[in-house]
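Visitor: Sequence:
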Amino acid sequence: MVTPFSLSGPFQKPLSVTEAALLYLREGWEILPILSPAYEYFYFGRKRGRTPFYGSFEHPLRNEQTIRSWFTNHPQAGVGIKTGPGSGIFVLDIDRPDCDLPAFLDIPSLPPTRTVHSSTGRKHLYFQYPREGVIHTVSGWQGIGCVLGIEHAYALAPPTLHSRGHSYMWEDFSVPVAPAPPALLALIQGLEPRYKQFTIGANPRKYVKGVLNTYIRNVIALAGK
1 MVTPFSLSGP FQKPLSVTEA ALLYLREGWE ILPILSPAYE YFYFGRKRGR TPFYGSFEHP
61 LRNEQTIRSW FTNHPQAGVG IKTGPGSGIF VLDIDRPDCD LPAFLDIPSL PPTRTVHSST
121 GRKHLYFQYP REGVIHTVSG WQGIGCVLGI EHAYALAPPT LHSRGHSYMW EDFSVPVAPA
181 PPALLALIQG LEPRYKQFTI GANPRKYVKG VLNTYIRNVI ALAGK
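Just so we're aligned: 197 in full-length UniProt numbering is position 197 of the sequence shown, and the numbers increase by one with no gaps anywhere.
The hints are all genuine.
In silico DMTMM-like links for lysine to aspartate or glutamate, alpha-carbon gap of 20 Å or less:
| no. | residue 1 | residue 2 |
| --- | --- | --- |
| 1 | Lys123 | Asp98 |
| 2 | Lys123 | Asp95 |
| 3 | Lys13 | Glu171 |
| 4 | Lys13 | Glu27 |
| 5 | Lys123 | Asp172 |
| 6 | Lys123 | Glu171 |
| 7 | Lys123 | Asp100 |
| 8 | Lys13 | Asp172 |
| 9 | Lys123 | Asp93 |
No lab work stands behind these hints, which were simulated from the structure alone.
With the hints as extra help, turn the sequences into a complete structure.
Guide: Next comes the structure, spelled out in structure tokens:
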């Protein structure tokens, strides 16, 4: 089954990863090549199919020539967008369909904005990065059913293949990225950064072996194997 790039609007025609990455570049977004499930490579301790290629997070793709080269050499790679001031966006990950964020914020509704469908009931809402203040990554917004993936983070973007086997899709790519409501900004800018803490644990030898294996896998992936 061919997956449309966008469920509605003028961008419904399926796009290749290269075409999509170039479209995102024209939006002013910083591009990350993603080790998709097709590669069978993953970072130690990270979920399969959701990890940027080795070193790409620190050096996102910012020009057409580099993007064409990357995705021509790695046609099965997925595409990610680095969020934060560099791309001018942050992404709100709504991970449950019953997440009633407007009610929590005491506002009528969230503004229409560019939205990605990832899996059943899960959406990524794109908002303009604020001119003032800093937004941190907050993982697991308890009690509301929302996960924020924001600064020093990234979002997987269509037509990247999800680990469950389907592709990410835009709801309507022609919808502009909206400014975040003041109530939402006030809330998330007041939250403390919260990441999943990573520790070596009781078996450092196993940890070192995992890191070395991960490095080797990524070197092979970078070579296009």
